[in-house]
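Novice: For the sequence shown, the working numbering begins at 1 and goes up steadily by one.
Just so you know, these hints were derived from the structure itself, not from any lab.
Mixed in with the good hints there might be a few duds.
Stated by the list, open to error - Capping the alpha-carbon separation at 25 Å, the derived lysine-lysine pairs in BS3-like fashion look like this:
#, residue 1, residue 2
1, Lys103, Lys218
2, Lys95, Lys40
3, Lys218, Lys40
4, Lys152, Lys164
5, Lys95, Lys164
6, Lys54, Lys40
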Amino acid sequence: MGDLSDRFLGAYNRLDAVLRERTRSNQDASFSSVVERASKDRIVRQDDVRALRKMGQLRNAIVHDERYPSRSVAEPHEETVRDIEAIHAAVAGPKTVFSIAAKNPREYDPGDQLRGALQEMREGDFSQVVVRGTTGLQLLTTDGIASWVESKHDEELIELTLVKIGDILEHERPRRHKVVPRGMSLSEAVATFEGAAASSDDRLFAILVTNGGNRNEKCIGIVTPSDAFAAPMSQQ
Numbered sequence: 001m002g003d004l005s006d007r008f009l010g011a012y013n014r015l016d017a018v019l020r021e022r023t024r025s026n027q028d029a030s031f032s033s034v035v036e037r038a039s040k041d042r043i044v045r046q047d048d049v050r051a052l053r054k055m056g057q058l059r060n061a062i063v064h065d066e067r068y069p070s071r072s073v074a075e076p077h078e079e080t081v082r083d084i085e086a087i088h089a090a091v092a093g094p095k096t097v098f099s100i101a102a103k104n105p106r107e108y109d110p111g112d113q114l115r116g117a118l119q120e121m122r123e124g125d126f127s128q129v130v131v132r133g134t135t136g137l138q139l140l141t142t143d144g145i146a147s148w149v150e151s152k153h154d155e156e157l158i159e160l161t162l163v164k165i166g167d168i169l170e171h172e173r174p175r176r177h178k179v180v181p182r183g184m185s186l187s188e189a190v191a192t193f194e195g196a197a198a199s200s201d202d203r204l205f206a207i208l209v210t211n212g213g214n215r216n217e218k219c220i221g222i223v224t225p226s227d228a229f230a231a232p233m234s235q236q
């Protein structure tokens with residue numbers, strides 16, 4: 001076999017073993033079924049499922065050829081080899097969500113004036129800021145602000161100096177943020193955003209990171225969908 005086939009099969013076998021362990025799948029389960037389960041468990045990205053199925057077919061074409069292992073009728077492309085190696089690296093030794101988070105964001109109080117939060121959102125081009133409310137970590141979002149403004153449509157003038165962040169929180173929805181532990185993998189974070197987009201009308205604005213995933217803990221990082229999708233999945 002060629003070097004690319006050797007690299008491909010090595011990465012495939014390592015990935016197959018990790019996915020079976022993580023999904024608790026037995027050796028009789030097909031690779032495609034293991035991949036499907038890994039996707040449902042948010043171990044692999046939904047975007048990678050189709051590629052992994054094709055990689056499973058390629059692996060079968062290589063090892064079931066009567067000339068294997070001396071020759072391979074289906075030699076993988078370099079890009080395919082790099083892709084499966086990257087997926088394995090993301091699953092077996094994943095980058096954490098905390099590693100790409102914006103660290104130690106300011107935590108506003110519900111009693112703070114709205115205009116201070118609006119200034120930070122405008123200057124930083126943010127769609128959200130973190131709030132420490134009576135129930136723990138919450139999120140003030142542009143959608144919540146828009147909903148609050150809509151509720152005031154009968155009022156001719158709104159004096160911003162009198163508006164508190166807590167006034168807006170009444171118009172926020174809990175599904176617009178999720179609190180997770182710092183050890184969550186980046187691939188799990190990406191899958192969380194993908195799952196929210198597929199299953200809810202509410203946009204998941206951000207993941208809030210704490211040490212243990214408890215909303216009463218300090219927020220040590222915040223990750224948006226654009227942060228998660230743009231980041232390399234494996235450690236460089």
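Novice: Next step is simple, just say for each hint if it's right about the structure.
Specialist: Hints, verified against the model:
Restraint check for Lys103 and Lys218: satisfied, since their Cα atoms lie roughly 11 Å apart, inside the 25 Å limit. Between Lys95 and Lys40 the CA atoms are separated by roughly 20 Å; this keeps the pair inside 25 Å, and the hint holds. As the CA atoms of Lys218 and Lys40 are separated by approximately 30 Å, the hinted pair breaks the 25 Å bound. Proximity of Lys152 to Lys164 is assessed by CA-CA distance (about 14 Å); at most 25 Å being required, the pair is judged to hold.
A hinted pair counts as satisfied when its Cα atoms are at most 25 Å apart, and Lys95 with Lys164 does not qualify at roughly 38 Å. Between Lys54 and Lys40 the alpha-carbon distance is near 18 Å, which keeps this suggested pair within the 25 Å criterion.
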